[in-house]
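Student: Produce the complete structure using the sequences and hints provided.
Chains as they are written, first to last, in the working numbering: chain W, 1 to 114; chain V, 1001 to 1407.
Quick caveat, the hints were computed from the structure, so don't treat them as lab data. One or more of the hints may lead you astray.
Looking from chain V toward chain W, a few residues come up when the C-beta cut is under 8 Å (computed) [stated by the list, open to error]:
| hint | residue |
| --- | --- |
| 1 | Ala1127 |
| 2 | Gly1297 |
| 3 | Ile1357 |
FRET-style restraints, in silico, Cβ to Cβ [said to hold, decoys possible]:
| hint | chain 1 | residue 1 | chain 2 | residue 2 | range |
| --- | --- | --- | --- | --- | --- |
| 4 | W | Arg69 | V | Glu1253 | 21 to 29 Å |
| 5 | W | Thr54 | V | Pro1316 | 22 to 30 Å |
| 6 | W | Gln96 | V | Ala1362 | 18 to 26 Å |
| 7 | V | Asp1103 | W | Ala72 | 52 to 60 Å |
| 8 | W | Ala72 | V | Asp1056 | 31 to 39 Å |
The beta carbon of each residue, even a glycine, is placed where N, CA and C say it ideally should be.
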Amino acid sequence: MAAEEYKISRAGPRVVVTVPAEIDAMNSDEVREALLSATGPGVTTLIVDMSGTTFCDSAGVHAVITAYRQAAQAGTEVRLVATKVLRVFALIGADQLMLTYPTLEAALADTPAA
Amino acid sequence: MTTHLNPTPVEDRLRDIQSITDAALSRLDEHELLAELLERIRSILQVDTAAVLLLDFSAGQLIATAAAGLEEEVRQGVRIPVGRGFAGRIAAEHRPVILNQVDHTTVLNPILWAKGIRALMGVPLVAGGKVIGVLHVGSLTSRVFTSEDVEMLQLAADRAAAAVHSLTVRDERIAAAALQRSLLPTSLPAAEGAVMAARYVPGAGAVGGDWYDVFVLPSGELSLVIGDVTGSGLAAAVIMGRMRSALRAYALETSDPAEVLARLDRKMQYFEPGVAATVLYAVFDPGLDRVRICSAGHYPPVVAVPGQASELADVPAGLLIGAALDVPRQVASLQIVPGTLLCFYTDGLIESREHPIDHGLARLCQAVTPQPPDAACAAVMAALVGNESAQDDIALLMFHRPPTGTV
Chain W
1 MAAEEYKISR AGPRVVVTVP AEIDAMNSDE VREALLSATG PGVTTLIVDM SGTTFCDSAG
61 VHAVITAYRQ AAQAGTEVRL VATKVLRVFA LIGADQLMLT YPTLEAALAD TPAA
Chain V
1001 MTTHLNPTPV EDRLRDIQSI TDAALSRLDE HELLAELLER IRSILQVDTA AVLLLDFSAG
1061 QLIATAAAGL EEEVRQGVRI PVGRGFAGRI AAEHRPVILN QVDHTTVLNP ILWAKGIRAL
1121 MGVPLVAGGK VIGVLHVGSL TSRVFTSEDV EMLQLAADRA AAAVHSLTVR DERIAAAALQ
1181 RSLLPTSLPA AEGAVMAARY VPGAGAVGGD WYDVFVLPSG ELSLVIGDVT GSGLAAAVIM
1241 GRMRSALRAY ALETSDPAEV LARLDRKMQY FEPGVAATVL YAVFDPGLDR VRICSAGHYP
1301 PVVAVPGQAS ELADVPAGLL IGAALDVPRQ VASLQIVPGT LLCFYTDGLI ESREHPIDHG
1361 LARLCQAVTP QPPDAACAAV MAALVGNESA QDDIALLMFH RPPTGTV
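Tutor: Structure (structure tokens):
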């Protein structure tokens, strides 16, 4: 796992995980693991930062959804930051599951996309 | 048997093993290869028994696969849990084990001590950094295995592991392709007033989990399915086969496409947790005037009507299969006027690392025109694939209702 692709930064109870530019079946397990490793006791909000992601196939969407399900079971809110790949999440119906934001700043300030 | 080793130089012995494994790769199947290798190990190490157990990853058990001088182990289907007994310890600890005392306290498998084996030596079979099995040899007379013996056996094991691994990969690829072929309809059923055509292209040399299916329900309704199981290879093809069968079964129970996908989703999440798939299910009225479509995370079909620009059908995006329990599923109902072509496809056709997904969708809409389905398939493949080899696999299914007066 290339560490720089999964920058994990924590600000109090909120954790931001930056995922790679391209996500497919080759690295979707890594993405899921990185997201899950960021959740845990004391984390109330997991922000999945896909603002730098330009390609994400159905395996990538599933990795995010799997992480979402486990986080949600633990009571952790999941916020998705996506622009270029947001359409893929919408086509797969995954945008109905979690709040989406156009920028990381918006996600941190909790102002969802209209 | 004496404990005195044949004074053959080590190089000669290595050459023996090398010659078996290397030549065997191209012409022997797994069982023939292992049988030949075990015979040679028996004579080189001057031991009475030799056996290979291969790891069944899902069960966490070692399964006796080949044996020389200990054939009953294979015939009786011996299974050893990883971590227990002699072979189980080798697999779990990933290192050679020598036993100079063989009885029920040291060996789990009664065949070994009932046989009168006095000393055992075993090494892990490792391929790609993973333990894939265990190779062990035994002596019916008292014997102390040396570190040189262990080295020799480990060399043989490394060669056997590489051969078994590559044969497994090859077999799985062949099995996945055969399975995929057997599950895709070779000829699409004739439905009065409809003409259909399909294409399937494996991605990057390996088949994936894309599939399509067409069948007529007892009510006379025409059902059409297209889907994509995440992942590739044999595992994805097997899951795809199960989904195809389950969907067919649920299709006989209810004609509501949303209910069919809801049942399929529930079944998959219960029996195949962790699997993700997109599926689109369409049911055409017997007269073909109307189609009801439900999508579980699958891209909507392209609708081409004579005299109009082709566009994506307005099908609500439902969550993909395997993502969450009890998700609401909506059905879109579309009118089909004579001359209409519907194009169903999987994401391999439109996804690109260079362009956003809408670019691929727009290109597809441009390429789809109302025409006979074979010609439509050819036009779409030419426009979107051209001469490039696809990374992901591609399934394409065209439904055409010919213009009035031409059927």
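Student: None of the hints should be skipped; say for each whether it holds.
Tutor: Against the structure, the hints:
1. Ala1127: At 20 Å from the nearest chain W Cβ, Ala1127(V) fails the 8 Å test, so the hint is violated.
2. Gly1297: Check passed: Cβ of Gly1297(V) comes within 4 Å of chain W, closer than 8 Å.
3. Ile1357: 5 Å, holds
4. Arg69(W) x Glu1253(V): 21 to 29 Å: 28 Å, holds
5. Thr54(W) x Pro1316(V): 22 to 30 Å: 26 Å, holds
6. Gln96(W) x Ala1362(V): 18 to 26 Å: Holds: the Cβ-Cβ distance is about 24 Å, inside 18 to 26 Å.
7. Asp1103(V) x Ala72(W): 52 to 60 Å: 53 Å, holds
8. Ala72(W) x Asp1056(V): 31 to 39 Å: 34 Å, holds
In summary, the structure is inconsistent with hint 1 from the numbered list given earlier, while agreeing with all the others.
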